[in-house]
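Letter by letter, the chains look like this.
Number of protein chains: 4
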Amino acid sequence: MAAALELFAEKGFSASRLEDVAERAGVSKGTVYLYFNDKEDLFRKVVKADIIENIDVFEKMIESHQGDIAPLLKSILEQIGKMIAETRLGAIPKIILSEAGNFPALASFYRENVVKRMFRLFTALIERGVHTGEFRGISPPDAARIMMAPFLMMALMTNSPGFAEAVELQPAKHVETALDIFFTGILAENTGERI
Amino acid sequence: MAAALELFAEKGFSASRLEDVAERAGVSKGTVYLYFNDKEDLFRKVVKADIIENIDVFEKMIESHQGDIAPLLKSILEQIGKMIAETRLGAIPKIILSEAGNFPALASFYRENVVKRMFRLFTALIERGVHTGEFRGISPPDAARIMMAPFLMMALMTNSPGFAEAVELQPAKHVETALDIFFTGILAENTGERI
Amino acid sequence: MAAALELFAEKGFSASRLEDVAERAGVSKGTVYLYFNDKEDLFRKVVKADIIENIDVFEKMIESHQGDIAPLLKSILEQIGKMIAETRLGAIPKIILSEAGNFPALASFYRENVVKRMFRLFTALIERGVHTGEFRGISPPDAARIMMAPFLMMALMTNSPGFAEAVELQPAKHVETALDIFFTGILAENTGERI
Amino acid sequence: MAAALELFAEKGFSASRLEDVAERAGVSKGTVYLYFNDKEDLFRKVVKADIIENIDVFEKMIESHQGDIAPLLKSILEQIGKMIAETRLGAIPKIILSEAGNFPALASFYRENVVKRMFRLFTALIERGVHTGEFRGISPPDAARIMMAPFLMMALMTNSPGFAEAVELQPAKHVETALDIFFTGILAENTGERI
DNA sequence: GATGAATGAGCATTCATTCAT
DNA sequence: GATGAATGAATGCTCATTCAT
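Residue numbers (our numbering), protein chains in the order written: chain A, 1 to 195; chain B, 1 to 195; chain C, 1 to 195; chain D, 1 to 195.
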């Protein structure tokens, strides 16, 4: 699965050859089919192991969390930022975005199990903060959307060779700035200032 | 070329079969090769006719423009937003982003002829505004990057079936909001307020 | 037809594109079909105009010839050698040899109208010389075959880039030597010497 | 590879369809690509296995040979004649001759690995014979060229359906005669006679 | 007479998937 | 459990030929 993630990250889903995945994993082509029904199944299992597992962890963190929301939210976002920066996981949303049209089952799986869950998770978290008065009275789903956008952008840029360079963009810094704006400007308790 | 754009938008570059392009255009496979050297050439010519032509127009508008910068900038951005919303042109950056790794020549062509030109164009325009005091003293390239991001997001979302729906996002509105923030918060003449 | 000969000489029959023939002739592809039924017909007409015409001439020369045979024979062979050296006509037997299997109709046409006629022509001529005692009592068909071989070799070598160079062979010289052997050794009036 | 040689012999290189090779070999199209990178590679490997292997053998025979040169030379030539007569190997030089212009890489490979090696081999052998006084003082490369020519002719004739028949030529006999002339007339120790 | 736009059968090559060993 | 040989559908591209203008 690690080999698959690497290759998917480099070439996308349909351009990755099962044979290359096998070779990189040091097994034979046939062996891949012992563990995965087909190419889509392999992709799904990569997503499950690498992303959905993490969402499970986040959900448990949130459930058991007590006290201020902001530190938890920041911690989760930092972890996500780190993953995108240090692993090839950011390639997965890029692949889904790219190939959604050609692999609707895959896209649908990802939407249900990743995008929607993350969206619900963030929405709920922000809602909690708004309830307790920790955050301003912004619409939680709107805030969640605004918050998620720069991460998607970072994931895309980090995994599209040449694109970021063309506009001299540093993905990690982009996220940092966006989150700074987000936290101080959007979520900060209403003090009457204009964001 | 219209048929090609449609198909590329639906399936991406490599998953689009030349034969389908031909069929949709109402001609035979061979006919396509009378007008385009190969698939990459077809794509390049679509980009040229549909995007680069517009950049030429924008550049001429800018050259001959006199007076305040903001209205011109807004007008250009509006046109871009309209194109993304009403045509399938937004699929092109999506395709480039998706398939850059597998078609480096195409990606490089796009970077040089579209991304960099747009970036220079916006940077120069903002710089003019900063010079005349119309805009705040923000770094023009930074401002250009921030300004372009939501359009890329809009282009991606509009052309990835199901993605926007998953987070209940309205791409056009997303851009509007982002630009509103941008113009009032980032470019507005410095009045001492925090953005 | 000149353009066709050139191209056939360069690339062989099936690898020559009708479009290139047309272009080299300065006309359009369609025009070719005004004058030739198809590609094979074009080839046949080239053969007819460039080779069969010459055979007709040779036959007439022979018919009207009086006196010693050797000078006439030498003159004909010299003309053939010159044609191979100075025009691209030598490519035609090469093409036939090469593509006989794939274009049996063409091969058969060439055999009947060129090879057999030349063979008969030479055989008859040598026979005349043997009859008059000018040549030794060699079997005329054998002599004709031996005489024709170096010309075929010359035609092949002259029209196969790199082949002659590989064995440092000079096609024209090869023919000259072979004919010298042929005339002094094989056709010379029997003087009791061993050839 | 046997199937490939057969088909190449029948149709030449470019007119042979990989699918037919596969079918004749009793495998599927894809299987061919498991063992050969592409069509050219297949051809090259046929040449290597069927011809270059034999040249290696000849070279070893020569190296270890002691005593008179003529018997060794005759033995090698006989083997070559036998191969041309009894297998389809003679088709290979024919193909190279025919398609050299369209597949320069193939032609160059053949020139370097077959033609030049055979030429050097024969030249060296004759040179040895001349040194020891076994052969007349003829120029070894000239002799090698003259010796090789009838084999090329035989290979061409044997593999061009209809050509030999058109001049009632028996390729094998042609070689025999030519070699007889060659050995008694050209290589025979100088006895003062004219060849 | 000449054009050139259009056609579509044809071929080399790729790769997900299967299965006997 | 693992292999790797085998498959064949799929696709980009070519080119002889046709035909309306």
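Possibly wrong hints are sitting among the right ones.
It does not matter which identical chain is meant; a pair holds if it fits inside one copy or across any two.
Unchecked claim - DSS-like, lysine-lysine: derived pairs with alpha carbons at most 25 Å apart:
1) K45 <-> K11
2) K29 <-> K39
3) K116 <-> K48
4) K11 <-> K39
5) K39 <-> K74
6) K29 <-> K116
7) K82 <-> K39
8) K173 <-> K60
9) K11 <-> K60
10) K45 <-> K74
11) K29 <-> K60
12) K74 <-> K29
13) K173 <-> K39
14) K116 <-> K39
15) K74 <-> K11
16) K173 <-> K48
17) K60 <-> K39
18) K116 <-> K45
If you're looking for bench data, these hints aren't it; they were derived computationally from the structure.
Results of checking the hints against the structure:
In this homomeric assembly, K45 and K11 come within 25 Å of each other (Cα to Cα) both inside a single copy, at 18 Å, and across copies, at 24 Å. For the identical chains of this complex, K29 and K39 are neighbours both inside a copy (12 Å) and across copies (23 Å), given an alpha-carbon limit of 25 Å. Taking the shortest Cα distances, K116 and K48 sit within 25 Å of each other inside one copy (14 Å), while across copies they are farther apart (37 Å). In this assembly of identical chains, K11 and K39 lie within 25 Å of each other by CA distance both inside one copy and across copies; the values are 14 Å within and 18 Å between.
Taking identical chains as interchangeable, the C-alpha atoms of K39 and K74 are never at most 25 Å apart, the minima being 35 Å within one chain and 46 Å between chains. For the identical chains of this complex, K29 and K116 are neighbours neither inside a copy (34 Å) nor across copies (42 Å), given an alpha-carbon limit of 25 Å. Taking the closest pair of Cα atoms, K82 and K39 never come within 25 Å of each other, the shortest separation being 28 Å inside a single copy and 38 Å across copies. Proximity of K173 and K60 under a CA criterion of 25 Å is satisfied in neither setting, with 29 Å inside one chain copy and 34 Å between copies.
For the homomeric pair K11 and K60, neither the shortest alpha-carbon distance inside one copy (34 Å) nor that between copies (38 Å) is at most 25 Å. Taking the shortest Cα distances, K45 and K74 never come within 25 Å of each other, neither inside one copy (28 Å) nor across copies (45 Å). Proximity of K29 to K60 under the C-alpha cut-off of 25 Å is found in neither arrangement, the shortest distances being 37 Å within a copy and 42 Å between copies. For a Cα distance limit of 25 Å, the shortest separation of K74 from K29 qualifies neither inside one copy, at 42 Å, nor across copies, at 53 Å.
Taking CA atoms no more than 25 Å apart as the test, K173 paired with K39 passes in neither setting, with 35 Å inside one copy and 37 Å between copies. Only within a single protomer do K116 and K39 lie at most 25 Å apart by alpha-carbon distance; the minimum there is 24 Å, versus 36 Å between protomers. Taking the closest pair of Cα atoms, K74 and K11 never come within 25 Å of each other, the shortest separation being 32 Å inside a single copy and 37 Å across copies. In this assembly of identical chains, K173 and K48 lie within 25 Å of each other by CA distance neither inside one copy nor across copies; the values are 28 Å within and 32 Å between.
Within a single copy, K60 and K39 get their C-alpha atoms no closer than 31 Å, and across copies no closer than 49 Å, so neither meets the 25 Å cut-off. Only within a single protomer do K116 and K45 lie at most 25 Å apart by alpha-carbon distance; the minimum there is 18 Å, versus 38 Å between protomers.
When held up to the earlier numbered hints, the structure conflicts with 5, 6, 7, 8, 9, 10, 11, 12, 13, 15, 16 and 17 and fits the remainder.
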